[in-house]
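Protein chains in written order, with the numbering used here: chain C, 1 to 98; chain X, 1001 to 1392.
What the hints contain is simulated information worked out from the structure, not anything from laboratory work. Values in this document were obtained by computation on a predicted structure and should not be read as measured data.
Taking beta-carbon pairs under 7 Å as the criterion, some of the chain C residues facing chain X (in silico):
hint	residue
1	42
2	43
3	46
4	47
5	51
6	59
7	93
Calculated Cβ distances over 10 Å to all of chain C for the following chain X residues:
hint	residue
8	1024
9	1026
10	1101
11	1102
12	1120
13	1132
14	1152
15	1194
16	1272
17	1334
In silico contact screen, one side only, chain C against chain X (beta carbon under 10 Å); selected entries:
hint	residue
18	9
19	14
20	41
Heads up, the beta-carbon is just placed ideally off N, CA and C, and yes, glycines get one too.
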Amino acid sequence: MIRVVLPPHLRTLARVAGEVELDVSGEPTQRSVLDELEARYPVLRGTIRDHVTHERRAFVRFFACSEDLSHDSPDAPLPEAVARGSEPFVVLGAIAGG
Amino acid sequence: MSKVRVLVGTRKGAFVLTSDGKRERWDIGGPHFGGWEIYHLKGSPVDPNRLYASQTSGWFGQIIQRSNDGGKTWEAPGGGVTTSPGGMPAGESNKFVYDASPETGKPLTTHQWYDGTQRPWEFKRVWHLEPSLTDPDTVYAGVEDAALFQSKDGGQTWQELSGLRGHGTGPSWQPGAGGMCLHTILLDRSHPGRMFVAISAAGAFRTDDAGKTWRPINRGLHSQYIPDPKAEVGHCVHRIAMHHSRPSVLFMQKHWDVLRSDDAGDSWREVSGNLPTDFGFPIDVHAHEPETIYVVPIKSDSEHYPPEGKLRVYRSRTGGNEWEALTRGLPQRDCYVNVLRDAMAVDSLDGCGIYFGTTGGQVYASADAGDSWAPIARDLPAVLSVEVQTLP
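One chain only, chain C, in its complex shape (with noise of 0.2 Å):
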């Protein structure tokens, strides 16, 4: 079980409260875990990442264990906290604007 925590407006967006909890089949990375998000969640497409490239949007980050994998491979594994579900994946929207 992968738990995903999204920013308020995603939330919102996808009419859930709290983190979204996802079975995810093999490995986890950023990939496999986004594809099952947008999956269940079809609103979400193109508010992440871009429908056809799949790059992260510009004002998006992925944050777990207290790191940054923004930048990181989006087929790098997870880190084995995320994978096993005792830390979340988090999705938030950087500061920026008013």
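Chain C is already provided as a structure; the job is to place chain X on it using the hints.
Only chain X this time, still in chain C's reference frame:
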């Protein structure tokens, strides 16, 4: 008794204002989509409870929202929680991808950037949604970077009408200060295949075959800020308006200059007349008097606020040239708000109502064609768009 519904898009959400036909007392619903920029929302002429909204964010991109109950509840078309793998294709309602198909891939070209270099088109947001005059599931979207999209399934999927970008002048288009946006879409009731659009900064364009082919309609425009002031394209058109009873007559608020065309855009002539300044953004037409038009003069392109700190709507009852200031009920001192291009609309009650919103968060309304005004909302976020529905 008739009712009026005013749809207000703001920097931080959408609001739905309702009143009876007297238009004296208003209820304010919202915010919907709090915290998001709502560039535009508009109802279907054939099903007034079918509304479309453009919800957008610099962080999270573009969302299309749809309501089937006049704005009480909303959904992202096809974007709900997936419960079965065989369910409806979903999540495409937010997807605006420029046409790059081999058959019509010519539109995948470049446009001019601020520094004169060429750049590829890059989707940023939907500025304007125009529901079809005949089918509530058909809706057009004007987007930045400038292009026109169409949905025939209630906003679930979108396809570019790529003949517009592909007709040949695209490489000469360039962004205005607000971006390179297609902000105006006018549908012609008398000629079902005819449509007008306007782009900042490219100009006005017309199709007579439902969007397959297009041509610029900018003859008569004169813009000092481009190398050839009379160029075929490159003009910063801010807004176009028409009266549906006479769709070959168009009125334009350009970056500078107010103009009219009596031949469906084939030629234009200036009708700024005695306006204190002919810079501005919105322009609209009285619901029952095709020669009565409204603008809000703004001091200049570098000072986006009313001249002398006086918020004045100007009305011409002669289709331009002769203008009168409408001031009763509007602030006449220390007012430095702007009125954006999509932030003026009219209702169709007997005493035609005029509405506009400001960057200061006020929505003003007149129930007597502009003779007197009152704020119907005072403290909203900056207003980006105003649309009005007259309901039975």
